[in-house]
Amino acid sequence: MSQFAINLLFVGGSFAIYIGIAIWAKAGSTKDFYVAGGGVHPVTNGMAIGADWMSAASFISMAGLIAAGGYANSTFLMGWTGGYVLLAMLLAPYLRKFGKFTVPEFIGDRFYSKQARLVAVICLIVASVTYVIGQMAGAGVAFSRFLEVDATTGLIIAAVVVFFYAVLGGMKGITYTQVAQYIVLIVAYTIPAVFISLELTNNPLPPLGLFSDHAESGVPLLTKLNEVVTALGFNEYTADVDNKLNMVLFTLTLMIGTAGLPHVIIRFFTVPKVADARWSAGWALVFIGLLYLTAPAVASMARLNLATTVYPEMAGQVENMEEAATNPILYENRPEWIRTWEETGLISFEDLNDDGRIQFYNDSADFTDRGWEGNELSVNNDILVLANPEIANLPGWVIGLIAAGGLAAALSTAAGLLLAISSAISHDLIKGSINPNISEKGELLAARISMSVAIVVATYLGANPPGFAAQVVALAFGIAAASLFPALMMGIFSKRVNNVGAIAGMLSGLVFTLAYIFVYKGWFFIPGTNNLPDTPDNWVMGISPLSIGAVGALINFAVAFAISRVTQEPPQEIQELVESVRYPKGAGMAVDH
Amino acid sequence: MADDKSNATAYWKANLRLITGCMIVWAFVSYGCAILFRPLLSGIPVGGTDLGFWFAQQGSILTFIVLIFFYAWKMNRLDKQFGLGE
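In order, the protein sequence lines correspond to chains A and B. Mapping the first sequence onto the numbering used here, position 25 (from 1) lands on 8, and the numbers just tick up by one. Numbers in the numbering used here are just positions in the second sequence, counted from 1, shifted up by 890.
Note that these hints are calculated values from the structure, not bench results. Quick caveat, the model's predicted, so the values are computed rather than measured. Where is the CB? At the ideal position from N, CA and C, for every residue including glycine. Be a bit skeptical, because a hint or two may be false.
To be verified - Ranges of calculated distance between the beta carbons of each label pair, as one might list FRET restraints:
#, chain 1, residue 1, chain 2, residue 2, range
1, A, Asp346, B, Lys903, 55 to 63 Å
2, B, Leu906, A, Thr135, 35 to 43 Å
3, A, Ile509, B, Gly911, 41 to 49 Å
4, B, Ala917, A, Thr550, 27 to 35 Å
Same shape as in the complex, but just chain A (with noise of 0.2 Å):
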């Protein structure tokens, strides 16, 4: 069977599961629509939360980011599960027990505002659709190189797979898809991962592999990869970073993110209980930690194959690892994934200085003494994961079955953005400004229909890309950190902030978030705005615009508390609101008047 006739099936046969599902799990309320009735059980909730969060990001780009920048790039693995800590603790329980359907609806009651409830749909939009965006064209990636269909029709195909199973199913429908879509994704990232460990370090488990000896040579594997990195001009790979604030506001900004972000709060308003959107919180990250354990080993030995596929002398014990380094192999010679990856432009390799050879190495240092002209292969950080099976020689199933996990990764994401967007509109926006009467029916019928318009939007944004795709995400992390996430915060832990305070605050964090993102990043992303040229240099202390999300935050927090103390206290309604979401049992039980 040919690898095309492999990959169809693998990922033909996926999505025939996940419309199977669609068809069994069809809403037929609005609670089935936004909270999937409301009884998915923590294990369950905890694996679609897995495949919920775990994107086209997580499953393609994390680990070749990884492999980029070693142990500075930690900073994606602790920020993208130590957010579901702040989850767990500070927001998942009390929302649950708050028990209403939406994101915008808990802050619009709590601040009791109609504009503070519009400010949250407006955050919650920009930060779904700048994030969904990118799940779009990862799923258009991946057909395109694993079922030879042009990226566009690949988007529209995978569109319609998703329309299938979240316009039918709603959230009952995303739940069981997700739970599919989980295993499919992590049998697809661990299998290579774990014959890549094994090759190169006798060890099965990832995880454990990365901290073992490297078999060829005998000497740790980290230790040999800060060889063979240096002796090609690069940074030792577990080397320190200087700049301590940029790296801890970074790793904060992508924590609270994480937990403002409206796509993964809402998961948990399906199950039954308070206490079980704990344990949800709990088993979500078991599941996203399976991944996240291995892709920092994947990342680090995938690194190491790379060089050593290139300077095959590096690989064994070496004497003299200069020497190792100037004898890299022919073009001609390349290895058969090289070939592949070619044809797809995510590889490309220009003789420079015509000796028929590789010369692989970071250009900004100087090799003219090896007769090297600059670096000559240039490979896509995206390509690590997906190449992985080639790279280690396994059979054409599990090449299959990656791509049958990559679409997974990006289509469950997307279905739960697409979800968070269609119930903010369907339910926040008609239901809660526009048409308050209208009936269940209606509703259900509208939030069907602005799914379905968010799906058609997104998969055009996904076929034409803006240039600015790959700097809206970090957009995404900074919106839902300064303004969602201290509001969710302060309306649960603070009685005594109100109103006024609440829109200034998030407001005001949203405002500096964006004028500080805007000014090196150009206004509204348009190339050439930029008031400031965005290296480290010009950012303000070393505060990069991509962690300037914390900072935004603390200034939310100040600004409501200030704005608050001076205004009006809230209404006694609230406060008792406020003490009832608390306390588990039953809200008349909290207070006492």
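With the hints as your guide, set chain B onto chain A.
Structure of chain B alone, referenced to chain A:
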């Protein structure tokens, strides 16, 4: 009803204490061991590198998982103890 109120207040205080403790551990492993104190831990070797690197790429994630389950378990006990569970 006054008893209910003081009971509820005590429950909330116990929850806040628990959260504070967990948050200290949360910050200590990630911002502390993995980032700020990494130079101080550089003397402790772990598989070809140092303890700070391990915390950054594995240790903090493992700690986060344990923390959430610990919190969920403790809170279930508090819910029962104060009679405020569902």
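Taking the hints in turn, this is what the structure says about them:
no. : hint                            : in the structure
1   : A:Asp346 / B:Lys903: 55 to 63 Å : 58 Å, holds
2   : B:Leu906 / A:Thr135: 35 to 43 Å : 53 Å, violated
3   : A:Ile509 / B:Gly911: 41 to 49 Å : 47 Å, holds
4   : B:Ala917 / A:Thr550: 27 to 35 Å : 32 Å, holds
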